[in-house]
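Taking the hints into account, I'd like the entire structure generated from these sequences.
Quick mapping for you: the protein sequence lines, in order, are chains A and B. The working numbering applies: residue 852 is where the first sequence begins, and numbers increase by one. The working numbering applies: residue 938 is where the second sequence begins, and numbers increase by one.
Hints are computed from structural coordinates only; laboratory data are not their basis. Certain hints may be false.
Stated by the list, open to error - Pairs of lysine to any residue residues, derived as SDA-like cross-links and limited to a Cα-Cα distance of at most 25 angstroms, are as follows: (1) B:Lys1009 x B:Glu944; (2) B:Lys1049 x A:Ile1077; (3) A:Lys971 x A:Glu1061; (4) B:Lys1081 x A:Phe1010; (5) A:Lys1024 x B:Pro1108; (6) B:Lys1049 x A:Ile874; (7) B:Lys1009 x A:Glu1061; (8) A:Lys1043 x A:Phe1053; (9) A:Lys1043 x A:Asp1030; (10) B:Lys1049 x A:Tyr1064; (11) A:Lys1024 x B:His1075; (12) B:Lys1120 x B:Ala965; (13) B:Lys1081 x A:Arg1055; (14) B:Lys1081 x A:Leu1008; (15) A:Lys1024 x B:Ser1077; (16) B:Lys1120 x B:Glu970; (17) A:Lys1024 x B:Gly1079; (18) A:Lys1024 x A:Phe1053; (19) A:Lys971 x A:Glu920; (20) B:Lys1081 x B:Ile992; (21) A:Lys971 x A:Leu1094; (22) B:Lys1049 x A:Asp1088.
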Amino acid sequence: MEHGFLDEMSCVQSPIRRLDPRIKVLGFIALLVSIVLTRGASPAPFVLYGAILAVLITLSRLPVSHVLERSLIILPFTLMTALFIPFLKGADVLWSFDAGPLQIVLTREGLEAFAIIAVKSFLSIFCAVLLTATTGFPELLKALERLHCPALVIMILSFMYRYLFVVQDEFMKMRLAKDARSAGRSRRMDWKALAGMVGVLFVRSYERAEAVYLAMCSRGYNGRIIVSHDFRLNRADAAFAILMIATLAGINLFAQ
Amino acid sequence: MGKSVIEIKDLRFAYPDGSRALNGVNLAVGRGEALGLIGSNGAGKSTLLLHLNGILRGEGRVRILGIDVTEKTAPQLRSRVGMVFQDPENQLFMPTVYDDVGFGPLHLGRGKAEVDDSVRRALAAVDMLDFIQRTPHHLSIGEKKRIAIATVLSMDPEILVLDEPSSNLDPRHRRDLMELLGKLPMTKIIASHDLDFISRTCTRVALLDAGAVMAAGSVTEILGDRTLMERFGMLEPEGAI
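Right, dumping it as structure tokens:
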């Protein structure tokens, strides 16, 4: 069964795709931190961040629809955390509503804070989508390794990447087998079957983990994770790093 | 038969739940031999294989390449006994083919250039060099099996152990695999109940049942003995062998 969710766009060749993954990871983290830490209600810095991202998306040759679609994932989180912010206390009351003992007040300050959080979270998710869509997952792991991310974390991520598809495959096969045997059953029975399937999936994954561990031991693994590196920086990487630092520094100075 | 590279004397093993898997296995395999290990489901084939590189250790004696398998010697033996598991999904656990084939050499403490060289040689040996940067989950089962073999070839093993190598393979991939195994010169232990596969890839056969070797001999001696094969539930329809 085919599923390319994680690496869907990693074959699109572009100047951004070809950058050294380490530089890319650092560059995007710098951009992200800069976006998150920008203070004040002035929209100018955010417009500039948006412009940087627009340039990067163009350079990356990713379909805009793909970036937007992937970015929507942040929406529920933003709404959940930011929904109440417009109702925070503030001097400039725009609208109020008396609901018995509860008074709901919408303030301008609250609304502004909400807008900033929404913009920040969308800009941040653009960074994340851009980074992951232009970097193959294995390369991303290599870059994190090289940047001294703990080996254990890398190993967990790499197993997740490797076995996500295997587990998904097992689940799809189980669902097929279930559907093949359950014609016209009620939805309630479906949920019951689903619960059983999740249980079976857990046990199978646990057993697989043991089998994988045996395979690792058979090839010399003794609890110590060893990694190898093979990246080389070139002129394009240096240019990207310098441009990114200069732009971010400029925006931050300007914002103050 | 050459000098024995595998000597097993009265090997017994029970799993923690108490089920006895091996009940006194005796077996000797000479250098360069290809031994087929046959037996019905639950006969103890896989359990026996796991003793060959010290992952499991039962009572009795297992001597590999002249070294007794103990807790101390097992790690060094693991590089010399390449174990290919039945399910390549378990064998291939790294994000790329390169990382997977390089895992063994890297963990044996080899340097970057040497690992690189081992990976290329192993992939070339199984004719999969073009797949070096691919991710395992996008490969077909036949490709996965070949790469699973490469993951142990990269450690330059003296003994190659394969558990059910032909399972789930279509006829063409199965034939390719037989050709590949024929080209590999090291001592081989192949556990399978695909008797045709065994007869084409092995020089000797041992029949395992209820955790003990019931018979051992040349391919024709064992696979040709209809009464023996029938008795241990290994019989194929007439003319299949």
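Tested hints:
| no. | hint | in the structure |
| --- | --- | --- |
| 1 | B:Lys1009 x B:Glu944 | 18 angstroms, holds |
| 2 | B:Lys1049 x A:Ile1077 | 11 angstroms, holds |
| 3 | A:Lys971 x A:Glu1061 | 43 angstroms, violated |
| 4 | B:Lys1081 x A:Phe1010 | 17 angstroms, holds |
| 5 | A:Lys1024 x B:Pro1108 | 24 angstroms, holds |
| 6 | B:Lys1049 x A:Ile874 | 22 angstroms, holds |
| 7 | B:Lys1009 x A:Glu1061 | 22 angstroms, holds |
| 8 | A:Lys1043 x A:Phe1053 | 16 angstroms, holds |
| 9 | A:Lys1043 x A:Asp1030 | 13 angstroms, holds |
| 10 | B:Lys1049 x A:Tyr1064 | 24 angstroms, holds |
| 11 | A:Lys1024 x B:His1075 | 17 angstroms, holds |
| 12 | B:Lys1120 x B:Ala965 | 23 angstroms, holds |
| 13 | B:Lys1081 x A:Arg1055 | 20 angstroms, holds |
| 14 | B:Lys1081 x A:Leu1008 | 21 angstroms, holds |
| 15 | A:Lys1024 x B:Ser1077 | 17 angstroms, holds |
| 16 | B:Lys1120 x B:Glu970 | 13 angstroms, holds |
| 17 | A:Lys1024 x B:Gly1079 | 20 angstroms, holds |
| 18 | A:Lys1024 x A:Phe1053 | 15 angstroms, holds |
| 19 | A:Lys971 x A:Glu920 | 17 angstroms, holds |
| 20 | B:Lys1081 x B:Ile992 | 23 angstroms, holds |
| 21 | A:Lys971 x A:Leu1094 | 21 angstroms, holds |
| 22 | B:Lys1049 x A:Asp1088 | 24 angstroms, holds |
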